[in-house]
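**Q** Chains as they are written, first to last, in our numbering: chain B, 154 to 463; chain E, 236 to 568.
Simulated from the structure, these hints should not be mistaken for laboratory data. All clues stand as given, with none of them false.
Below, a list of computed lysine to any residue pairs in the SDA-like style, where the Cα atoms sit at most 25 angstroms apart: (1) B/K415 x E/I238; (2) E/K237 x B/G275; (3) B/K207 x E/G539; (4) B/K415 x E/K237; (5) E/K237 x B/H418; (6) E/K312 x E/Q324; (7) E/K246 x B/E408; (8) E/K407 x E/P298; (9) E/K269 x E/E317; (10) E/K237 x B/L395; (11) B/K415 x E/E522; (12) E/K237 x B/G409; (13) B/K415 x E/A515; (14) B/K207 x E/G351; (15) B/K207 x E/R350; (16) E/K237 x B/G274; (17) B/K207 x E/H536; (18) E/K237 x B/E408; (19) B/K415 x E/D526; (20) B/K415 x E/S564; (21) E/K237 x B/Q460; (22) B/K207 x E/R352; (23) E/K237 x B/I462; (24) E/K246 x B/G439; (25) B/K415 x E/A519; (26) E/K237 x B/R273; (27) B/K415 x E/M236; (28) E/K237 x B/L459; (29) B/K415 x E/V523; (30) E/K246 x E/D532; (31) E/K237 x E/V523; (32) B/K415 x E/N524; (33) B/K207 x E/D540; (34) E/K312 x E/P429; (35) E/K246 x B/R273; (36) E/K246 x B/T269; (37) B/K207 x E/I349; (38) B/K415 x E/D512.
Letter by letter, the chains look like this.
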Amino acid sequence: MNLAMTINPWQDEQVIFAQQFSATHILAQAVLPSGSQGEWNHQILSAMRNRIEKAGLAFAGLDSLPIPYNRSVLGLSGGEKEIPAVLAFLQSAADAGIPLVCYRWITSAAVPTRHTPIGRGGAMVRSAAASSSQQANSSRDRVSQFLEAILPAAQKAGITLAFSPTSPLTHADILEEGFPGGLSDLMWLASQFTAPCHGIDLNLGVVFDLDEAEFDPNRYEETLLEFLERGKVLLVSAANRLSGDRQKREAFLNEGIINLPKIFHTLHQRGYRGIIRADRQPMMNGDTIWGHKSQAYAVGFLRAVLQAIG
Amino acid sequence: MKIALMLGLNKEETAFARQVGVEHAVWSGPDSPKGYLGYGELMNAVEFFETEGLHLGVIENVPVNFYDKIMFGLPGKEKQVENMCLTIQNMGRAGIPVFGYHWMALGGTTTDMIRGRGGALMRHFDLEAALNNPAPSLCWRRSDTPDQPIHLPDVEVSTEQMWDNLAFFLEKVIPVAEESGVKLAAHPDDAPFPMFMGVARILSSLEDFERLFRLYPSPANGMDFCQGTISEMAGVDVLEAIRHFGSMGKIHFAHFRDTQGTMPVFTEVFMDEGDLDMFAAIRAYREVNYDGLIRADHTPHVIGDNEYAHRGFGYEIGYMQGLIQAAESLTSK
Chain B
154 MNLAMTINPW QDEQVIFAQQ FSATHILAQA VLPSGSQGEW NHQILSAMRN
204 RIEKAGLAFA GLDSLPIPYN RSVLGLSGGE KEIPAVLAFL QSAADAGIPL
254 VCYRWITSAA VPTRHTPIGR GGAMVRSAAA SSSQQANSSR DRVSQFLEAI
304 LPAAQKAGIT LAFSPTSPLT HADILEEGFP GGLSDLMWLA SQFTAPCHGI
354 DLNLGVVFDL DEAEFDPNRY EETLLEFLER GKVLLVSAAN RLSGDRQKRE
404 AFLNEGIINL PKIFHTLHQR GYRGIIRADR QPMMNGDTIW GHKSQAYAVG
454 FLRAVLQAIG
Chain E
236 MKIALMLGLN KEETAFARQV GVEHAVWSGP DSPKGYLGYG ELMNAVEFFE
286 TEGLHLGVIE NVPVNFYDKI MFGLPGKEKQ VENMCLTIQN MGRAGIPVFG
336 YHWMALGGTT TDMIRGRGGA LMRHFDLEAA LNNPAPSLCW RRSDTPDQPI
386 HLPDVEVSTE QMWDNLAFFL EKVIPVAEES GVKLAAHPDD APFPMFMGVA
436 RILSSLEDFE RLFRLYPSPA NGMDFCQGTI SEMAGVDVLE AIRHFGSMGK
486 IHFAHFRDTQ GTMPVFTEVF MDEGDLDMFA AIRAYREVNY DGLIRADHTP
536 HVIGDNEYAH RGFGYEIGYM QGLIQAAESL TSK
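Extracted from the complex, chain E is given alone in its bound form (with noise of 0.2 angstroms):
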């Protein structure tokens, strides 16, 4: 496995990837007026990136509004989808493996950020207060903005409508997918609860990813295995769904934190003071050979950080290869 960023391009990024002994880079959130990404845009991401010495290998999360009418099932979802196909065959041009996706039709939910080991502010999740307040909860990673307005639609979209506007988006992608020699990885519902304000959310749990898989079998129908996420599913084996994912070749990109609790009360914390034995999923991924990127996921804020969080994610990357150092040094572990 190959540990990567959550990059921009941007110099002062990609200057910390480099000292840090990060190779990967993970472009999040690339964004275009036309509403997919040309092949100029992402080969310009790609030069970028190869000249400060990094691989891009992964797009991830593009604008919602390349394809909520995709996820909605509204009219203008055949326009999106056809550019939801240029932007992969574009990506497979461009030499990008891996398209990282979300299915949360009204995007991730939280509810708090709360002081966690000496003060740091985590991330913190309560289905009740959800539930109860909803409208703020969908303010991702955005508790100090409660009041801004979102837009949502005025529509309700059940488990199988769901469902059936998944398979739309699949059986046009995935063949320009496997043509372009791109893999799609879906991210699950974070947090990992079935319906929120009468839209559901499908991919909320093992089950789930199992169901996406029969859907429409193919090599490049996969997941991004978001250990987080999959962590806060209550009754979840971590480490068994990394053997059993990982072993079937569907893990096509993965994110590496942890938390404290699970579903419906759960904490982001620091990766080294979670639940999981961390370790033992270092070795999980590497007992199924898993050869593809894995990412330092959110970081709690800590002290004095700067914009890109560079104290907290120098943490998490010195820990990962802290970890897999070990893993490859200590047979007998």
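This is chain B alone, in the form it adopts within the complex (with noise of 0.2 angstroms):
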């Protein structure tokens, strides 16, 4: 397993900051240099990965498709013309040599929750009711139209498709129901969508939110090894959580209620052999708004558990 870094890949500091912390992959962040007045194309892709891979680091794919597709996820009309640019856009990133693309389903209607000092130490965290979840069912007829325009197009360009769960916990989407609403419409897309170029991005956290039964270590870590065994992980992104009085919060590495590295070990005992990141962690006194600190931190914690791992 390797150590991934989602960073800005046009700052130099943030790439220095992944060399110097034993990343050796990067999820870069699709962002556009700073000053273009350009649109996303072959060259400016290119040249994202060509300075990632010049400072040593391996370029695992993007953390997200920055091309529109709104329409696509509110089922308004007018979807299918966003199509085409995406698939544009997948065609220059393969073409760059981009093997992997993260999406969401997500409308920038969207809103992050709020963070309060709650965490441990007065760290800023974000939490939620533990609400129950619901089957997203027009949701899923929307994602299915959206995959089956897209999936034929990246699987001919050799372009995977990463699907990284948005939280009940860090994101309110006003306009829309939620996708996924829970555990069940995350395991109907992994069981859904059986081409080799769609998968997901196993979000530690995100899988804890949106179970709402009980947390049951054994029933977790099953949950996890289901969508391992369907093929279907592309990347591990590691966060932790707390729960209590039907609140669910977010929590450093080592102190929530998921024992990370037993998980690691059982994935890594299972064959996993893909990349992990570290989510979004607690923000801490002084930080940066992109997290130096707490991403120091919770890399250091993953670092050795890989490395106690083998």
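Assembling the complex is the task here: the two chains are given apart, and the hints tell you how they should meet.
**A** Pasting the structure below:
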């Protein structure tokens, strides 16, 4: 398993940070270079990959799909007009040698939930009521429509798409029923789209958030393994959670309810050899917006666990 | 074992410690014009850390001018040793259980800061360079100010004289430590080599520590197992050393870091890239049921860090917690 970081690839400072803190792979933020007037194209994507590789890091892919597809998500008319731009982007990415693009099912109307200083030592964390999950039927239709329109072209281009689930803990979408609305939606996605060019970003925090039942470590592990055994885990995002009083909240990697060393050990034993990155972490005092302190701390934890597993 | 950080009486530092899940503080470099630490000063520190949600477990690195005359065997050593006894008595009254000290009369030595992984600045030591250009090598971690004047007593101390001076110290201090419920933790000489500028460095090998413990047998006479310094010693099996001294109950405190290379040339590196299997080290401490503090030691200088090196230490603390949690969770490993 390899340690990855999500950084702005155009910022030297973040590239150096990743090098120093032992990342070997980069899942780049899909942002244009500062001052760029242009649009996404093959040259920009190649330049992005090249500058990461010149720094001695492996370019694992893009953290998001930067082409708008709000209408597709919302099921509005005109959604089909978004598809050509998405396909053109994926072709450019493939031409630039980018192997993986993550995408979310969230609109620009979704707002990040508020941070409050209830984390360890007063760290700022996000929390939400432990709500009951719901099957997002209408969203499933829209997801299907979207993926059916793009996956054949992605497969032909040789690029893989990874669904990054959004958590109700971290985002509230005021316009739309969320997808995934529960674990069953995530499992549906993994079983419905069997093409090798599609899989999921196994976010350990979001899988916890989506489960309405009381936490059971064995069941949680079985769920993760089910995704793995379907061959659908393209990357793992590490996060931890605490729960109580019908609330779930973000936690630092070493303090939560999820035993991460045990989970990583199990994933490794069952054959997972992909990348692991630290997801969003609690915000620490005096940290940057990007979270240099908290990322350094999280990556140190992950590095140790990966070394211990061997 | 309990992870600790070296902290000052500063809320920015203590907030960081709490957020990264550290509950134990090491107060390093406390000073006092009196030449010893008074009960009031120590209680202030204890209460400050308690208020900040931390337990003060070790006082480390009192100023060298608290006991330099003892190390050099100079007039005035009697007064200094009285003062050292006072500090230890006061620590006992204040409930601080471990006194960390070193016996490097000239202090630590280093020669360079070099660029390591990702361009991080790392401490580097080259014995030949130190011997050829000794004075700048004494600027401990101050290679950016090589011309800083250094005051040195105009005196040489042979190895046996230095052992006599240490014996004088222990004979006075250990009975007081025993009575006060304080344990002494001697730090190895960093870099570990036996003589510099005519002044002996007598805690530069594991055999030296065996001699230290024979010199004054007492449960209070122990070591600060500075794992980085032990790793710098050529030909030493660090894991075996942890098991050996740990099973003797002689590790009263530990520093956690790693190096690449051993004497005469080595570099301090990130914890995860040194020569030692750090997971095996954590398991060795657990095997001997080490239950004292283990402090994140020096960190390389990383990009954009603040004056407290919170990025560097954040990485180290996360790394240490990851190893410990893995050791607890992966029983088959």
